[in-house]
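*Asks:* Each chain is listed here by its residues.
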Amino acid sequence: MNNTLIFFLVAHIFLGTFGIIFLTAYLLSIFKKENGVKWLKINSLLALLSFVGSWISGGYYYASYYGKSVKPIILKGDYPWVHTVLMETKEHVFLFLPFLTLVIFATTYFAHSDIAKDKKLALSVAGLCFTTVSIALAIMLSGIVISGAVGK
Amino acid sequence: MGDKKSILSAIIISSILALADIVFLTIFGELNQGFKSWLTGTFSHHWIGKSVISVIVFMVSVPIFYILRLRNVNTTVIIWLLVAVVNLSFGILLAFFLFEVNH
Chain A
1 MNNTLIFFLV
11 AHIFLGTFGI
21 IFLTAYLLSI
31 FKKENGVKWL
41 KINSLLALLS
51 FVGSWISGGY
61 YYASYYGKSV
71 KPIILKGDYP
81 WVHTVLMETK
91 EHVFLFLPFL
101 TLVIFATTYF
111 AHSDIAKDKK
121 LALSVAGLCF
131 TTVSIALAIM
141 LSGIVISGAV
151 GK
Chain B
1001 MGDKKSILSA
1011 IIISSILALA
1021 DIVFLTIFGE
1031 LNQGFKSWLT
1041 GTFSHHWIGK
1051 SVISVIVFMV
1061 SVPIFYILRL
1071 RNVNTTVIIW
1081 LLVAVVNLSF
1091 GILLAFFLFE
1101 VNH
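Those sequence lines, one after another, are chains A and B. Oh and the first sequence: position 134 is 134 in my numbering, straight run, nothing missing. Oh and the second sequence: position 23 is 1023 in my numbering, straight run, nothing missing.
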């Protein structure tokens, strides 16, 4: 694996982790009464940028290296289901994240005054944020298992 | 807020469509190798094809739903609908690939 691929793989992991951190910060601050809107906007924008960056960097690594060099090793190893179930699900579910964070960002940007007043709307955005974080964590755990399966 | 609400509703509903499109393209691609080969041939990789098509679906549907002026759509309801679609889509893809392994 050359330095460019290592850079994109590391960027994919770091940006995905940052996205989870920013969304968790968003989730923790959505019901705060004071000084919340500014940080909701910042965290949702950073989460969106992180996941889009992770999408592009991970996509480059996946499309140019994983299929040719990593996938065959996993399929010949003791745990081929790690690719056929975990990786296949991970690579497609990952495509959801930019859209979900875009909705969180757009709702925060266009309806921040309503989020502050309307508890039902705030709860729905929190529900979407929690779902997005849960899926991102599941993707991250799958990535750890996939990395582990390469050496087995 | 009326105009902003129309844009927001268009973005949320278009995201639901994009997610449904990803699930459809993924399952259809696995069941129809000709389609998967077309994605690979056209976009250099089937995953890039699915990414590009889902973005196109989103970009095309946002202005369409915006023109429809969906001011009366309850934002809370469509966000919960998106949450339901996300969870369902995740479950469908996981179940599909589990099923594929065993058959």
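Rather than coming from a laboratory, the hints here were simulated on the basis of the structure. Among the hints, erroneous ones may be present.
Computed list of lysine to aspartate or glutamate pairs in DMTMM-like fashion (alpha-carbon distance at most 25 Å, straight line) [stated by the list, open to error]:
| hint | chain 1 | residue 1 | chain 2 | residue 2 |
| --- | --- | --- | --- | --- |
| 1 | A | K71 | B | E1030 |
| 2 | B | K1005 | A | D114 |
| 3 | B | K1036 | B | E1100 |
| 4 | A | K68 | A | D78 |
| 5 | B | K1004 | A | D118 |
| 6 | A | K38 | B | D1003 |
| 7 | A | K120 | A | E34 |
Which residues of chain B face chain A? A few of them, derived with a C-beta cut under 8 Å, are [to be verified]:
| hint | residue |
| --- | --- |
| 8 | I1012 |
| 9 | I1022 |
| 10 | W1047 |
| 11 | T1075 |
Ideal Cβ positions, reconstructed from N, Cα and C, are used throughout, including at glycine.
*Asks:* Now tell me, hint by hint, if it's right for this structure.
*Replies:* Hint check results:
no.	hint	verdict
1	K71/A <-> E1030/B	holds (17 Å)
2	K1005/B <-> D114/A	holds (11 Å)
3	K1036/B <-> E1100/B	holds (16 Å)
4	K68/A <-> D78/A	holds (19 Å)
5	K1004/B <-> D118/A	holds (16 Å)
6	K38/A <-> D1003/B	holds (22 Å)
7	K120/A <-> E34/A	holds (18 Å)
8	I1012	holds (5 Å)
9	I1022	holds (5 Å)
10	W1047	holds (6 Å)
11	T1075	holds (6 Å)
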